[in-house]
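Generate coordinates for the entire structure from the input sequences, incorporating the hints supplied.
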Amino acid sequence: MTWSRHPHAPWYLGGMSFAESSFFPVPPDVMLAPMCLANPRRAWWLALLTTLASVAGGLLGYAIGFFAIDSILPWLQASHYWDAYQTAVAWFGVWGFWAVFVAGFSPIPYKVFTIAAGALSMTLLPFAIASIIGRGARFFMVAGLMAWGGARMEAALHRYVDRLGWATVVLAALAVGFLTYR
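165 is the number that the working numbering gives to position 162 of the sequence shown; each next residue is one higher, with no gaps.
Worth flagging that the hints you see were computed from the coordinates, not collected in a lab. There may be inaccurate statements among the hints.
To be verified - Pair by pair, the computed Cβ-Cβ distance ranges are:
1) Trp85 x Trp48: 50 to 56 Å
2) Ala93 x Pro10: 40 to 46 Å
3) Trp47 x Phe26: 25 to 31 Å
4) Arg44 x Ala71: 40 to 46 Å
5) Phe69 x Trp151: 38 to 44 Å
6) Asn42 x Ser124: 38 to 44 Å
7) Pro10 x Gln80: 40 to 46 Å
8) Arg44 x His83: 35 to 41 Å
9) Ser124 x His83: 22 to 28 Å
10) Gly153 x Leu76: 43 to 49 Å
Think of the CB as a built atom: it goes at the ideal place given N, C-alpha and C, for glycine as much as any other residue.
What follows is the structure, given as structure tokens:
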């Protein structure tokens, strides 16, 4: 909460959001939630800032995948992200746009999907649209819940955020399956 009240906190939030989408391991929710609690009137602006910075960072991740996948592949294979990267590659083959959307909203590491999207040369416009929708839905949900529910909601969010994310993945997969095989 102390950091969330710092005069430069929005800059820190934007920087963290940007970095997390391509290489940084800490999600911006850990800073967004307390900032929304500290100043609920700015929750929507903070969610927008987080979304835009995250999508910009996602574009950097896309560029890393597009231009430098051969350089980072040895590191990626040795890291704990390798399994997630292989999952991302498989998901792109089946779901494309929806894979980015789900990764943007869920607890799946979004950065892995941004790099995979670039490595697989996903069309940039659908990538950006899926990122804006997925990341925006996630960050606006966090901001709205914090502004509405306060500290009690923060405790519940920490307890159930992974379950909410995975429930969203299941619902999105069911929706895509229904729309595809109808």
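Exercise for review: Determine which of the earlier numbered hints do not hold for this structure and return their numbers in increasing order.
Suggested key: 1
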